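**Q** Sequence:
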Amino acid sequence: MKHLFVAALIAIASQGVAGGAPSPEGAEVYFVNLSDGDTVQSPVLVQFGLSGMGVAPAGTEVENTGHHHIFINRPPLGEGAEDADLLENGVPTDDNHRHFGGGQTEVTLELPAGTHTLQLVLGDEFHVPHTPPVVSDVITITVD
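Numbering-wise (my numbering), the sequence shown opens with residue 1 and increments by one.
A portion of the hints provided could be inaccurate.
Unchecked claim - Pairwise CB distance ranges (calculated):
1. V62 <-> Q41: 22 to 32 Å
2. F126 <-> G26: 17 to 27 Å
3. L45 <-> T115: 14 to 24 Å
4. T60 <-> T39: 29 to 39 Å
5. E25 <-> E79: 17 to 27 Å
6. E25 <-> G114: 22 to 32 Å
7. G59 <-> A113: 15 to 25 Å
8. P75 <-> S35: 18 to 28 Å
9. P24 <-> A113: 31 to 41 Å
10. T142 <-> N64: 31 to 41 Å
11. T60 <-> D85: 17 to 27 Å
12. E63 <-> Q41: 36 to 46 Å
13. E25 <-> T142: 17 to 27 Å
14. T117 <-> G52: 32 to 42 Å
Worth flagging that the hints you see were computed from the coordinates, not collected in a lab.
These figures come from a predicted structure and were not determined experimentally.
In this text, a Cβ means the ideal position worked out from N, Cα and C, and glycines have one as well.
Let the hints inform the model, and build the full structure from the sequences given.
**A** Pasting the structure below:
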């Protein structure tokens, strides 16, 4: 499924929308301690994994590095109405888009009871997803 999202983003980028810094082939971002379908308690510890690239704070221009963002309860990257703007201008800051520009690799989230979707997105020094985007699969968790 992740490959469909990446293909959609490449199609958007090829239509003239700017993208972020280049990402190396095979780079992956993933959830370390959560899986699709997990039932958890709040607060929820979310650990971010990354292979094929390094983590650097926002504003740091180093080849093959980036910093994490987590998308919460929003369409997967490539399917959101605002994604063309996001790919050009960077990830917004709001309840659905959390930034980890300090180079953090985990967060504890206070989530209300219910079902939530999560997706990790690696951003370059300007909070713009890389080209091609380095994104996790979307997972759905249930908070008791």
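**Q** Take the hints in turn and mark each one as holding or not.
**A** Hints, verified against the model:
1. Checked against the given bound of 22 to 32 Å, the beta carbons of V62 and Q41, roughly 37 Å apart, lie outside it.
2. Roughly 23 Å separates the CB atoms of F126 and G26, a value that falls within the hinted 17 to 27 Å.
3. The supplied range of 14 to 24 Å is met by L45 and T115, whose beta-carbon atoms lie about 18 Å from each other.
4. Between T60 and T39 the Cβ separation comes to about 37 Å, which falls inside the hinted range of 29 to 39 Å.
5. A C-beta distance of roughly 23 Å is found between E25 and E79, which places it inside the suggested range of 17 to 27 Å.
6. Range check, E25 to G114: about 38 Å between beta-carbon atoms, so the 22 to 32 Å window is missed.
7. Between G59 and A113 the C-beta distance comes to about 37 Å, which lies outside the given range of 15 to 25 Å.
8. At about 21 Å, the CB distance of P75 to S35 agrees with the hint of 18 to 28 Å.
9. The hinted range of 31 to 41 Å is satisfied by P24 and A113, whose Cβ atoms lie roughly 40 Å apart.
10. At about 35 Å, the beta-carbon gap between T142 and N64 stays in the expected band of 31 to 41 Å.
11. Separated by about 24 Å at the C-beta atoms, T60 and D85 satisfy the suggested range of 17 to 27 Å.
12. In this structure, E63 and Q41 meet the distance hint of 36 to 46 Å, their C-beta atoms being roughly 40 Å apart.
13. One distance hint, 17 to 27 Å for the beta-carbon pair E25 and T142, is violated here, with the actual separation near 35 Å.
14. Checking the proposed 32 to 42 Å range against T117 and G52 shows it is violated: the Cβ atoms sit about 24 Å from each other.
In summary, the structure is inconsistent with hints 1, 6, 7, 13, 14 from the numbered list given earlier, while agreeing with the others.
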